[in-house]
Amino acid sequence: MKRIITHALTVAAITVAIGSTQVHAAGIDTTPSLKRLTWTWDGLFGRYDQKQLQRGWTVYSEVCAACHAVKYLRYRDLEGIGLTKAQTEELAAAAEEIQDGFDDAGEPFFRTRIPSDPIQQPYANEEQAKAANGGVAPPDLSMITKARKRGPDYVFGIQTGYPSDFQGEPPEWWIKQFADPKTGEYDFPADKYFNNFFAGHAISMPPQYVDGVVYEDGSSPTQEQGLIDVITFLNWASDPNLEARKTMGLWVLVYLGVLAGFLYALKTYIWRDVEH
Amino acid sequence: MSTYTPPQWNNKYVSWFDKRLPAITLMHKHLIVYPTPRNINYWWCFGVASAMALVIMLLTGIFLAMYYVADTRLAFDSVERIMRDVNYGWLLRYLHMNGASLFFILVYIHMFRGLYFGSFKAPREVLWWIGVTILFLMIMTAFMGYVLPWGNMSFWGATVITSLATAIPGIGQPLVEWIWGAHSVDQPTLNRFFAWHYLFPIIIAALAFVHMWALHEVKSGNPLGIDIKGPRDTIPFHPYHTVKDLYFLTIVLIFFSYFVFFSPNFFAEADNYVPANPLLTPPHIVPEWYFLPFYAILRAVDSKLGGVLLMLASILVLYIMPYLDRSPVRSGSFRPLFRWAFWIFVADCLFLGWLGAQLAEEPYITLIRIATVIYFAYFFVVLPLLNKYEKPDPLPDSISEPVTSRA
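Residue numbers (my numbering), protein chains in the order written: chain H, 1 to 276; chain F, 1001 to 1407.
No lab work stands behind these hints: they were computed from the structure. Bear in mind the structure is a predicted one, so any value in this text is a computation, not a measurement. Just so it is clear, CB atoms sit at the ideal spot from N, CA and C, and this is done for glycine as well. A few of these clues could be false.
Incomplete in silico selection of chain F near chain H, CB under 8 Å [claimed, not checked]:
(1) 1020
(2) 1090
(3) 1239
(4) 1243
(5) 1251
Just need the whole structure built from these sequences, with the hints factored in.
Next up, the structure:
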């Protein structure tokens, strides 16, 4: 057994050594790297802060919701961030009416939203979303932190990754890397913003600011705090069962841990007389 | 080995039933008194653990199928509905999703154990062949299961992998369209993949029983790789292995639970949480981790057909293991040179897995070629040569000899 492990370790060490030289040889990249942030829901005991989720919902509905839907959320889901049933009813009723089939004359039938209806979306359909945004539909945000690698860090990176507030202005390091060395000319779409972390760097979304947002307690968040709050809300939106999952997980681990202890003791006891 | 004498059942109902269908005697023979070598270690627990993984997959899968909708317009949303609105749907889904990874981890370790300890050698060839067939079916099942959520990686993975069939000269294109049921991966494809994904595990479960049937005929191998020579070498399955297996399964479940509850998307691709979009190719199409070594081998040569054949060969070669490794010594522990070759082979498989996740560019292509050559050289050069030139260490006389002399 010991021999097996020694062999395995030696061979593994060689493999890692080969692998790591390759990684270093592969790339000289000046692209800024995505900052690794810590989030309240990280780790075994990670949880959401309900007040923060509600602040995040405020930022979402006052800033992001102008262009981005959260199509998998219904008003009733907001009870999960600590809103009361009455509050979700109020929010639903305040939203635009929703089409619910057709009336007797065959005309579209509209009615007031109730909590089991989806949260109002900024555009009626994909085509409208595209038409209003230069041909690219803003992505749905109810899955965004799951649908991108290192999602929460990525969203933070995108929002803080604009070297310039204006379209068609790539930063120095990018120009150095991609401009024609003789003429100094480069090819970057004039109607797009430069973003450090967006694939291909050319993004349609202008930089967003939380300036006008006022929280329930009357305070206004700093840009960074507003971002952290809204990303927390979006992470909840893509994973609303996270807290239930982690709570159950802890009990499962405790149960299995104790069971493993008992079974190990029992195994040792049963095998006490067996030479093996 | 003494021949089995069935017990007299005292309970009159048990006795009545057993005379008509000897299920109770069967269980007594195979789960209670079944003789197992006294020296088998924890590497021998990965078979039963794989069986547990299969059961987890079957049970969660049945319930997921009650809510899943195999319609290209609804499939993605129906999975989200399971995650959000079905009671404990997130639990079922994460158990199933991570269960696939667990199943492959356990089966791969189980197979490496077989390769190290010569578990494919006489008289266990048929047992081994059934096992390799199960691996084949698992690969197909996992591939089709990955398509069902209809995420963007589902769609493009399905497109890339099914398109491999076009490499077959002449009939390639019609064949792939026959598999798709359309001119691209589309509604008919999704529908039939769902049907197959439900069918194949039933065949796997059936083959698992045949696997155990073959096992109980020839009995378990052991770390010394020598035959059972008498009752002194064995212990009954119960209580010794029932308790040992239960303990081991609990450890496996702890490992599994960590991922299910605390890092459920560890093995997943972010791109598969983006709905399938035939107009938007993901920048980097990668299969699930358990296919990566095969995916690397697929890209080892410039020709598409060549790559497909190599990939198939990399699995098919396992079938002829009994004829490639003809050393009469089963256990790697008594083969000083083989041991080195084996661990280099294991490292090569892991390296291929890492390479499979890299972009198809230099230096990875060259490295893939080197690793692929090492992979096949292990089977076709190293093993036959070792059998000829290696001088194995002396084997103990019996299983009980080394343990009793140590005491």
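Outcome of the hint check:
1. A distance limit of 8 Å between C-beta atoms decides the matter here; for residue 1020 of chain F the minimum to chain H is near 34 Å, and the interface restraint is violated.
2. Annotation: residue 1090 of chain F was flagged as interfacial toward chain H, and the flag holds, the nearest CB pair being 4 Å apart, inside 8 Å.
3. With a least beta-carbon distance of about 5 Å to chain H, the hint placing residue 1239 of chain F at the interface is held under the 8 Å criterion.
4. Among the interface hints, the one on residue 1243 of chain F holds; its C-beta lies about 5 Å from the nearest C-beta in chain H, closer than the 8 Å criterion.
5. At a threshold of 8 Å, the smallest CB-CB gap from residue 1251 of chain F to chain H is about 6 Å, leaving the interface hint in force.
Of the numbered hints given earlier, the model fails hint 1 alone.
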